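Peer 1: The chain contents come next:
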Amino acid sequence: MNAVKSYDPEKISVATLASHTALQILLAAHKHGFRTIALSAEVNMPFYKSFSFIDEVWPVTPSSLDKMDSELISRNAVIIPHGSMVEYFGPSITRLRTPIFGNRHLIDWERNQESKMKLLREAGIPTPRTYSSPTEASVPAIVKLYGAKGGRGYFLARNREELALKCSTLTEPYIIQEYVIGVPAYYHYFSSKMRGRIEIFGADIRYETNVDGRIPGLADPTFVVVGNLPLTLRESLLPKILKYGEAFAEAVERNIPPGLIGPYCLESIIRDDMEIVVFEYSGRIVAGTNVYAALGSPYSALYFGKPIDMGERIALEIEEAAAGNRLEDVTT
Amino acid sequence: MNAVKSYDPEKISVATLASHTALQILLAAHKHGFRTIALSAEVNMPFYKSFSFIDEVWPVTPSSLDKMDSELISRNAVIIPHGSMVEYFGPSITRLRTPIFGNRHLIDWERNQESKMKLLREAGIPTPRTYSSPTEASVPAIVKLYGAKGGRGYFLARNREELALKCSTLTEPYIIQEYVIGVPAYYHYFSSKMRGRIEIFGADIRYETNVDGRIPGLADPTFVVVGNLPLTLRESLLPKILKYGEAFAEAVERNIPPGLIGPYCLESIIRDDMEIVVFEYSGRIVAGTNVYAALGSPYSALYFGKPIDMGERIALEIEEAAAGNRLEDVTT
Amino acid sequence: MNAVKSYDPEKISVATLASHTALQILLAAHKHGFRTIALSAEVNMPFYKSFSFIDEVWPVTPSSLDKMDSELISRNAVIIPHGSMVEYFGPSITRLRTPIFGNRHLIDWERNQESKMKLLREAGIPTPRTYSSPTEASVPAIVKLYGAKGGRGYFLARNREELALKCSTLTEPYIIQEYVIGVPAYYHYFSSKMRGRIEIFGADIRYETNVDGRIPGLADPTFVVVGNLPLTLRESLLPKILKYGEAFAEAVERNIPPGLIGPYCLESIIRDDMEIVVFEYSGRIVAGTNVYAALGSPYSALYFGKPIDMGERIALEIEEAAAGNRLEDVTT
Numbered sequence: 062m063n064a065v066k067s068y069d070p071e072k073i074s075v076a077t078l079a080s081h082t083a084l085q086i087l088l089a090a091h092k093h094g095f096r097t098i099a100l101s102a103e104v105n106m107p108f109y110k111s112f113s114f115i116d117e118v119w120p121v122t123p124s125s126l127d128k129m130d131s132e133l134i135s136r137n138a139v140i141i142p143h144g145s146m147v148e149y150f151g152p153s154i155t156r157l158r159t160p161i162f163g164n165r166h167l168i169d170w171e172r173n174q175e176s177k178m179k180l181l182r183e184a185g186i187p188t189p190r191t192y193s194s195p196t197e198a199s200v201p202a203i204v205k206l207y208g209a210k211g212g213r214g215y216f217l218a219r220n221r222e223e224l225a226l227k228c229s230t231l232t233e234p235y236i237i238q239e240y241v242i243g244v245p246a247y248y249h250y251f252s253s254k255m256r257g258r259i260e261i262f263g264a265d266i267r268y269e270t271n272v273d274g275r276i277p278g279l280a281d282p283t284f285v286v287v288g289n290l291p292l293t294l295r296e297s298l299l300p301k302i303l304k305y306g307e308a309f310a311e312a313v314e315r316n317i318p319p320g321l322i323g324p325y326c327l328e329s330i331i332r333d334d335m336e337i338v339v340f341e342y343s344g345r346i347v348a349g350t351n352v353y354a355a356l357g358s359p360y361s362a363l364y365f366g367k368p369i370d371m372g373e374r375i376a377l378e379i380e381e382a383a384a385g386n387r388l389e390d391v392t393t
Numbered sequence: 062m063n064a065v066k067s068y069d070p071e072k073i074s075v076a077t078l079a080s081h082t083a084l085q086i087l088l089a090a091h092k093h094g095f096r097t098i099a100l101s102a103e104v105n106m107p108f109y110k111s112f113s114f115i116d117e118v119w120p121v122t123p124s125s126l127d128k129m130d131s132e133l134i135s136r137n138a139v140i141i142p143h144g145s146m147v148e149y150f151g152p153s154i155t156r157l158r159t160p161i162f163g164n165r166h167l168i169d170w171e172r173n174q175e176s177k178m179k180l181l182r183e184a185g186i187p188t189p190r191t192y193s194s195p196t197e198a199s200v201p202a203i204v205k206l207y208g209a210k211g212g213r214g215y216f217l218a219r220n221r222e223e224l225a226l227k228c229s230t231l232t233e234p235y236i237i238q239e240y241v242i243g244v245p246a247y248y249h250y251f252s253s254k255m256r257g258r259i260e261i262f263g264a265d266i267r268y269e270t271n272v273d274g275r276i277p278g279l280a281d282p283t284f285v286v287v288g289n290l291p292l293t294l295r296e297s298l299l300p301k302i303l304k305y306g307e308a309f310a311e312a313v314e315r316n317i318p319p320g321l322i323g324p325y326c327l328e329s330i331i332r333d334d335m336e337i338v339v340f341e342y343s344g345r346i347v348a349g350t351n352v353y354a355a356l357g358s359p360y361s362a363l364y365f366g367k368p369i370d371m372g373e374r375i376a377l378e379i380e381e382a383a384a385g386n387r388l389e390d391v392t393t
Numbered sequence: 062m063n064a065v066k067s068y069d070p071e072k073i074s075v076a077t078l079a080s081h082t083a084l085q086i087l088l089a090a091h092k093h094g095f096r097t098i099a100l101s102a103e104v105n106m107p108f109y110k111s112f113s114f115i116d117e118v119w120p121v122t123p124s125s126l127d128k129m130d131s132e133l134i135s136r137n138a139v140i141i142p143h144g145s146m147v148e149y150f151g152p153s154i155t156r157l158r159t160p161i162f163g164n165r166h167l168i169d170w171e172r173n174q175e176s177k178m179k180l181l182r183e184a185g186i187p188t189p190r191t192y193s194s195p196t197e198a199s200v201p202a203i204v205k206l207y208g209a210k211g212g213r214g215y216f217l218a219r220n221r222e223e224l225a226l227k228c229s230t231l232t233e234p235y236i237i238q239e240y241v242i243g244v245p246a247y248y249h250y251f252s253s254k255m256r257g258r259i260e261i262f263g264a265d266i267r268y269e270t271n272v273d274g275r276i277p278g279l280a281d282p283t284f285v286v287v288g289n290l291p292l293t294l295r296e297s298l299l300p301k302i303l304k305y306g307e308a309f310a311e312a313v314e315r316n317i318p319p320g321l322i323g324p325y326c327l328e329s330i331i332r333d334d335m336e337i338v339v340f341e342y343s344g345r346i347v348a349g350t351n352v353y354a355a356l357g358s359p360y361s362a363l364y365f366g367k368p369i370d371m372g373e374r375i376a377l378e379i380e381e382a383a384a385g386n387r388l389e390d391v392t393t
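Residue numbers (the numbering used here), protein chains in the order written: chain A, 62 to 393; chain B, 62 to 393; chain C, 62 to 393.
Hint data in this document are derived by calculation from the structure and do not stem from the laboratory. The structure presented is a predicted model; accordingly, all values stated were derived computationally and were not measured. Errors might be hidden in some of the hints.
Each pair may be met inside one copy or between any two copies, as identical chains are not told apart.
Unchecked claim - Simulated crosslink set (BS3-like; lysine-lysine; CA at most 30 Å straight-line): (1) K92 to K254; (2) K92 to K205; (3) K92 to K301; (4) K304 to K205; (5) K227 to K367; (6) K254 to K110; (7) K227 to K128; (8) K110 to K301; (9) K304 to K210; (10) K177 to K301; (11) K92 to K367; (12) K367 to K72; (13) K304 to K92; (14) K128 to K301; (15) K301 to K205; (16) K301 to K72; (17) K72 to K227; (18) K177 to K304; (19) K304 to K110.
Chain A with its partners taken away, still in its complex shape (with noise of 0.2 Å):
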């Protein structure tokens, strides 16, 4: 059963991990009169605890979270999860009785790189191709450790010499993908449970180093993200995104029940004959949200009027659940 019933829905609590995008989720959540909880690694308290719409800032350690189960409910808490939480307290974060806002098997889902793929495929949506072994990838190809994360684990081999010498030298499982020539465009949309529709919020470009560095050649690349940049797409691009978007969450509502709930993402490259192709996708808030952190994004205007950010949206979201007693459509 969902905790989320037992909750006082004038009451609600929000709470994620102090990391990622936590300070949008969480400065929007106190704006719409939630109570907001960080759960921080030590190290990194006092930076939260300086922040006054920050109402509590708990201690977490990767193995802490099951322990805090029952003190999470006793505040109505719902978890905003995020990549990095996510990625910070592994499978633990899905055996949690806290409601978390979103679609918690997605998570467990994901963590197969094939069937990861495959909702991607299933939607209809370009994406690249994929070897399994360097001899018969073309290239430049893009070969990806199976913990990738964040940037690290990648790397480019733009010659076939270049990619038999890289996969001989990997311990790790890897996936060998096409590296599609063109420019890399990130989406974020917004599933509403509650206004019955996929929205497109916005996009962003990451800024990874070394990669992004701008003399190139002095070293071999690298694509650790260390922040992005706002992109305004191309208006005759618009239709399609959203119609991958729409797609994406049909295929995710066909397979893991029940189906996308707030935000996610696609990441692609757009090549020079406009086609998107997307090698790979979030199911969650995506850090390039933060690029509209408390400006708003341009594409929510559309549907609201004025800009709000990704934080706002979420907080939103949960306000008019419980408002219609509907926790429980927007939680797993």
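Following the hints, position chains B and C against chain A.
Peer 2: Structure of chains B and C alone, referenced to chain A:
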């Protein structure tokens, strides 16, 4: 006679092709109390219909504009033209009796690449050298087909051999331009007939595939625009940028009465001696203004105390013209 | 004696050189009820006079500042210094009797490149290795003339031959710095005496010609700053970035009382091991804050509930100081 004379200034509609900058134009028009009409290709109608600020979505084809003329006039419609609309409807747009916000004669003028660039030179604005044949050109050079659009139909030649070889394969007419070494910067302006001034509005950088991909040398560079990034200019450049904008407006006024009305754009490279070289312009709203959609631009606050977007700037101009019974001054 | 003691705290004027960040400073000062004075080079006066939020535009030359001292004091003026103002007026700025918002002694301290970098090292912030001769330097290296400014006076040497050759042609004094491989990131802070805290305000990337042109290899890279792009940082970097900002403020306070007042900036490369290497700083407002002009920065909302720009942050500090009769605490 300008059909706008027959309009009820309290019941103006705003119409544009559903693409390019339609969303910011129509959202702002709606906020200012105008009725909004999106002229949409069949395939994009569901997308535009999903937004409540768009009152009507009319199906169009490239050849159907003429047939809508009377209907548009009966709605007191003012058309906001943009680059995609001019391209989509071709010369038929300037034959409409429906009033166009801006100077429709400039649209015809721009069809000739020679006379187009003449306006910049007449304004005393530095432009790239142009060559009529590969043998007289300096390298690196950019070769531009007459019908180049949205970043398609350009290519770079790094040396004389590449230039000669590539030009020899072309069957369409083209011009060869000096490839100016520096960084691109696009400046947005607004020529206000109601306030009698040129305003500097903002700046952007285009995001082009595949040239803005991050690993150079994997493929020949292409320049297909897929988005825009906001650019904040060094303040010491602003007086010169505004001066160029004013000089250009004067050149248009001399050559193509009644001159510039509403948004326009100068498209430049800034060299490392801080010289600004303008290689192209647009006589109407550019997609780069989308980077400020809903949020507003920093420079607009210098005139209005708070940031507004280009859609709002247009709506404000029409509103002031309607209130002062001067719609004839902002339409042709 | 600080002339601010004689000021009527209800009739403060804000003055700055008309360049760099003057527009955001003066617009915000105007909104907070201060009288605004732009000190402008003759050629730029029409530009600055065109904005109604600037109450007075005074003509200046590099040598005319001394003569304005009494006039500024009679207006109860507080000067907001910025990099272009310090460069334009040279040492004469620190001899003024007119109160300067911030620590004027830091301006003198920074004239010596050696003591300048000492502050960073004393704060325990990682800095690039520095070499006094080309023979002991590692490559790639960046060579920086003592008078380097706004991105001029730098060059890159990729290998030892290039380094030796280029250095041999220099007649001015220079330093050689390790060229740190990674991506640039500039962090904006505000040291508030009124609220007793260091605030993290925002971040930007410089847009430099010609190095940010998109076709590498067409010319030697140059680094002339022509604009700025907004950067949103990975949230997990923020605690460290704030810690560096605080450590730097403490180092300044120990060495140059009364320490940092108002805006400052640390200028870094982020390596792909996530290490932040600070190669430069500014003890006052940087042009990078212009990316948030009028719109406000995401991080400022963490402190104030809504986004404000750096001009507003300064105006708020002066307003609070004036209200509490503490203008002496924010000026020198």
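Peer 1: State for each hint whether it applies.
Peer 2: Status of each hint after checking the structure:
1. In the homo-oligomer, the alpha carbons of K92 and K254 lie at most 30 Å apart both inside one protomer (22 Å) and across protomers (27 Å), since each shortest distance falls under that limit.
2. In the homo-oligomer, the alpha carbons of K92 and K205 never lie at most 30 Å apart, since the shortest distance is 40 Å inside one protomer and 48 Å across protomers.
3. When the C-alpha separation of K92 and K301 is checked against a cutoff of 30 Å, the pair qualifies only between copies, where the shortest distance is 27 Å, while the shortest distance within a copy is 34 Å.
4. Only within a single protomer do K304 and K205 lie at most 30 Å apart by alpha-carbon distance; the minimum there is 28 Å, versus 34 Å between protomers.
5. Neither within a single protomer nor between protomers do K227 and K367 lie at most 30 Å apart by alpha-carbon distance, with minima of 50 Å and 49 Å respectively.
6. In the homo-oligomer, the alpha carbons of K254 and K110 lie at most 30 Å apart only across protomers (20 Å), although the nearest pairing inside one protomer, at 33 Å, exceeds that limit.
7. In the homo-oligomer, the alpha carbons of K227 and K128 never lie at most 30 Å apart, since the shortest distance is 43 Å inside one protomer and 63 Å across protomers.
8. For the identical chains of this complex, K110 and K301 are inter-copy neighbours only, at 15 Å across copies versus 43 Å inside a copy, given an alpha-carbon limit of 30 Å.
9. Taking CA atoms no more than 30 Å apart as the test, K304 paired with K210 passes in both settings, with 27 Å inside one copy and 25 Å between copies.
10. Proximity of K177 and K301 under a CA criterion of 30 Å is satisfied intra-copy only: 22 Å inside one chain copy versus 34 Å between copies.
11. In this assembly of identical chains, the alpha carbons of K92 and K367 lie at most 30 Å apart whether taken from the same copy (16 Å) or from different copies (10 Å).
12. Both within a single protomer and between protomers do K367 and K72 lie at most 30 Å apart by alpha-carbon distance, with minima of 27 Å and 24 Å respectively.
13. In this assembly of identical chains, the alpha carbons of K304 and K92 lie at most 30 Å apart only when taken from different copies (27 Å versus 32 Å within one copy).
14. In this homomeric assembly, K128 and K301 come within 30 Å of each other (Cα to Cα) only across copies, at 29 Å, whereas the closest approach inside a single copy is 45 Å.
15. Taking identical chains as interchangeable, the C-alpha atoms of K301 and K205 lie at most 30 Å apart whether they share a chain (27 Å) or sit on different chains (29 Å).
16. Taking the closest pair of Cα atoms, K301 and K72 never come within 30 Å of each other, the shortest separation being 40 Å inside a single copy and 34 Å across copies.
17. With identical chains, the CA atoms of K72 and K227 are never at most 30 Å apart, being 55 Å at best within one copy and 68 Å at best between copies.
18. In this assembly of identical chains, K177 and K304 lie within 30 Å of each other by CA distance solely inside one copy; the values are 19 Å within and 38 Å between copies.
19. In the homo-oligomer, the alpha carbons of K304 and K110 lie at most 30 Å apart only across protomers (14 Å), although the nearest pairing inside one protomer, at 41 Å, exceeds that limit.
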